[in-house]
Amino acid sequence: MRVSTLFDDVVRSDTGPAAYAEPSFPYWNRTARADIERVRYELEQWFARYPPSSAPDLRARVRSSNDVQHQGAFFELFLHELLLRKDASVDPHPAVLGTTKRPEFDVTPVDGASFYLEAKVATDESSTEASARQRANMVYDAINDLASPDFWINVEVEGAPNSLVPTRKLKTFVEKCLSGADYDDVATKYERSGLAELPRWRYEHDGWIVDFFPIPKQKARGRGGTRPMGLQMPGPKWVDPVSPLRDAILQKAKRYGTPDKPYVIAINALSEWLESDQIVEALFGDEEWVSRFPEDELRFRRKRNGVWTSSSGTYTRVSAVMVFQKLHPWSFPAAAVRLYHHPQAQRPLNDGPLMALPQARVTGDELILTDGESIGDVFGLSADWLAELR
Numbered sequence: 001m002r003v004s005t006l007f008d009d010v011v012r013s014d015t016g017p018a019a020y021a022e023p024s025f026p027y028w029n030r031t032a033r034a035d036i037e038r039v040r041y042e043l044e045q046w047f048a049r050y051p052p053s054s055a056p057d058l059r060a061r062v063r064s065s066n067d068v069q070h071q072g073a074f075f076e077l078f079l080h081e082l083l084l085r086k087d088a089s090v091d092p093h094p095a096v097l098g099t100t101k102r103p104e105f106d107v108t109p110v111d112g113a114s115f116y117l118e119a120k121v122a123t124d125e126s127s128t129e130a131s132a133r134q135r136a137n138m139v140y141d142a143i144n145d146l147a148s149p150d151f152w153i154n155v156e157v158e159g160a161p162n163s164l165v166p167t168r169k170l171k172t173f174v175e176k177c178l179s180g181a182d183y184d185d186v187a188t189k190y191e192r193s194g195l196a197e198l199p200r201w202r203y204e205h206d207g208w209i210v211d212f213f214p215i216p217k218q219k220a221r222g223r224g225g226t227r228p229m230g231l232q233m234p235g236p237k238w239v240d241p242v243s244p245l246r247d248a249i250l251q252k253a254k255r256y257g258t259p260d261k262p263y264v265i266a267i268n269a270l271s272e273w274l275e276s277d278q279i280v281e282a283l284f285g286d287e288e289w290v291s292r293f294p295e296d297e298l299r300f301r302r303k304r305n306g307v308w309t310s311s312s313g314t315y316t317r318v319s320a321v322m323v324f325q326k327l328h329p330w331s332f333p334a335a336a337v338r339l340y341h342h343p344q345a346q347r348p349l350n351d352g353p354l355m356a357l358p359q360a361r362v363t364g365d366e367l368i369l370t371d372g373e374s375i376g377d378v379f380g381l382s383a384d385w386l387a388e389l390r
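The sequence shown begins at 1 in my numbering and counts up by one.
Calculated directly from the structure, the hints in this document are not laboratory data. Given the structure is predicted, the values throughout are model-derived calculations rather than measurements. Don't be surprised by glycine CBs; every beta carbon is placed ideally from N, CA and C. Warning: the hint list may mix true and false statements.
[Said to hold, decoys possible] Simulated DEER-style distance windows between Cβ atoms:
no., residue 1, residue 2, range
1, D145, I368, 15 to 21 Å
2, L389, T226, 53 to 59 Å
3, P56, G207, 50 to 56 Å
[What the hints assert, rightly or not] With a cut-off of at most 30 Å between alpha-carbon atoms, the simulated DSSO-like pairs for lysine-lysine come out as follows:
no., residue 1, residue 2
4, K120, K326
5, K254, K326
6, K120, K176
7, K171, K189
8, K101, K120
9, K261, K326
10, K176, K189
11, K176, K219
12, K219, K101
13, K217, K120
14, K101, K171
15, K261, K219
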């Protein structure tokens with residue numbers, strides 16, 4: 001018997017935005033926004049169909065204030081619902097012969113062979129970077145506590161804080177700067193040349209450099225109840241979306257030895273920068289052009305640094321990798337998905353519920369992509385399913 005729901009049964013009235021440092025679940029649990037109420041309803045329907053014996057553990061992780069745990073648990077809940085909607089039987093955390101470790105699901109289709117499904121969330125942010133971002137978000141929340149009737153406070157950021165920022169000291173610094181800013185002077189400069197002539201107030205702390213600058217409020221000037229934080233403009237940063245995806249797959253590729261049935265790894269790739277060709281690079285190796293002497297003919301090839309092409313191993317125990325791109329609770333019907341089949345899999349996946357989704361198979365020297373059902377198709381929802389509620 002199920003004893004609880006994912007979200008609390010409480011009266012909600014706050015429709016404001018989340019705090020910068022506020023974890024995802026606490027905000028989703030408290031907000032009265034109509035679009036998030038619709039998402040809560042959807043997730044509760046999924047959770048009601050999750051096996052009762054495994055539901056308490058999943059519920060605790062979905063409700064976690066640790067966003068990494070929360071994202072992973074949401075992905076598991078989503079995959080379970082996806083498989084149910086494709087008429088499969090799904091057993092959470094099954095025993096696997098030869099190991100004490102347990103994958104997310106043992107999936108048994110109505111037609112076809114059963115298979116194991118493992119889930120993993122991949123981001124392009126390390127744990128160190130996530131901690132630094134959280135420390136910076138605490139500063140932005142502190143700035144939003146300031147009274148600033150005349151100005152929005154924009155920031156340009158370089159680096160990241162390596163330790164907690166003394167927010168009281170920083171607030172005092174910004175308050176002093178605001179008190180010395182003349183509204184008419186700043187407004188004139190802003191109208192004349194945009195950001196170029198605005199005063200800059202630099203604050204530095206342990207590897208973090210922040211330039212605060214005031215933007216004159218116009219219609220909102222003097223109005224209470226508005227947060228003063230404006231735009232945050234980060235400095236340049238090199239983003240590598242391929243390595244986190246490759247590492248996430250490798251982390252799961254050898255986790256269960258040699259499984260006794262097909263083994264599929266599902267990845268939720270949350271990077272904003274990941275493109276479809278980079279997924280192929282993660283699996284089959286980076287693209288490169290080489291010159292053939294003496295003709296000096298340029299020839300395309302792939303480096304042997306993909307999950308399935310590395311000189312250190314090709315992980316043929318993995319039957320396929322299913323990659324979702326930017327799958328979030330509020331936008332999951334629009335998320336892209338494709339199932340990439342291992343060309344030399346020990347146990348190929350040739351049938352079952354995942355075959356209805358977009359596929360990628362190697363035929364000869366070509367990777368052939370085929371269309372399939374979208375996530376929105378499977379769930380009966382449009383890509384912009386929340387638009388009318390916003």
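Each hint, compared with the structure:
Checked against the hint of 15 to 21 Å, the C-beta distance between D145 and I368 comes to roughly 56 Å, which is inconsistent with it. Checked against the hint of 53 to 59 Å, the pair L389 and T226 fails, with Cβ atoms roughly 23 Å apart. Between P56 and G207 the C-beta distance comes to about 41 Å, which lies outside the given range of 50 to 56 Å. In summary, the hint linking K120 to K326 is supported, as the alpha carbons are separated by about 13 Å, within the 30 Å threshold.
Distance hint between K254 and K326 is fulfilled; the C-alpha atoms sit about 25 Å from each other, no more than 30 Å. Restraint check: the Cα-Cα separation between K120 and K176 comes to about 47 Å, which exceeds 30 Å; the hinted pair is violated. As the CA atoms of K171 and K189 are separated by approximately 25 Å, the hinted pair is consistent with the 30 Å bound. For the given pair, K101 sits about 15 Å from K120 by alpha-carbon distance, which is consistent with the 30 Å threshold.
Using a Cα cut-off of 30 Å, the hinted pair K261 and K326 holds, with the two alpha carbons roughly 29 Å apart. Under the criterion of a C-alpha separation no larger than 30 Å, the hint pairing K176 with K189 is consistent with the structure, at around 20 Å. For the suggested pair K176 and K219, the alpha carbons sit about 24 Å apart, so the restraint of at most 30 Å is met. At roughly 59 Å between alpha-carbon atoms, K219 and K101 are farther apart than 30 Å, so this suggested pair is violated.
Straight-line distance between C-alpha atoms of K217 and K120 comes to about 44 Å, which puts the hinted pair past the 30 Å bound. For a cut-off of 30 Å, the pair hint linking K101 to K171 is broken: about 49 Å separates their Cα positions. For a cut-off of 30 Å, the pair hint linking K261 to K219 is broken: about 64 Å separates their Cα positions.
Hints 1, 2, 3, 6, 12, 13, 14 and 15, counting from the list given before, are not met by this structure.
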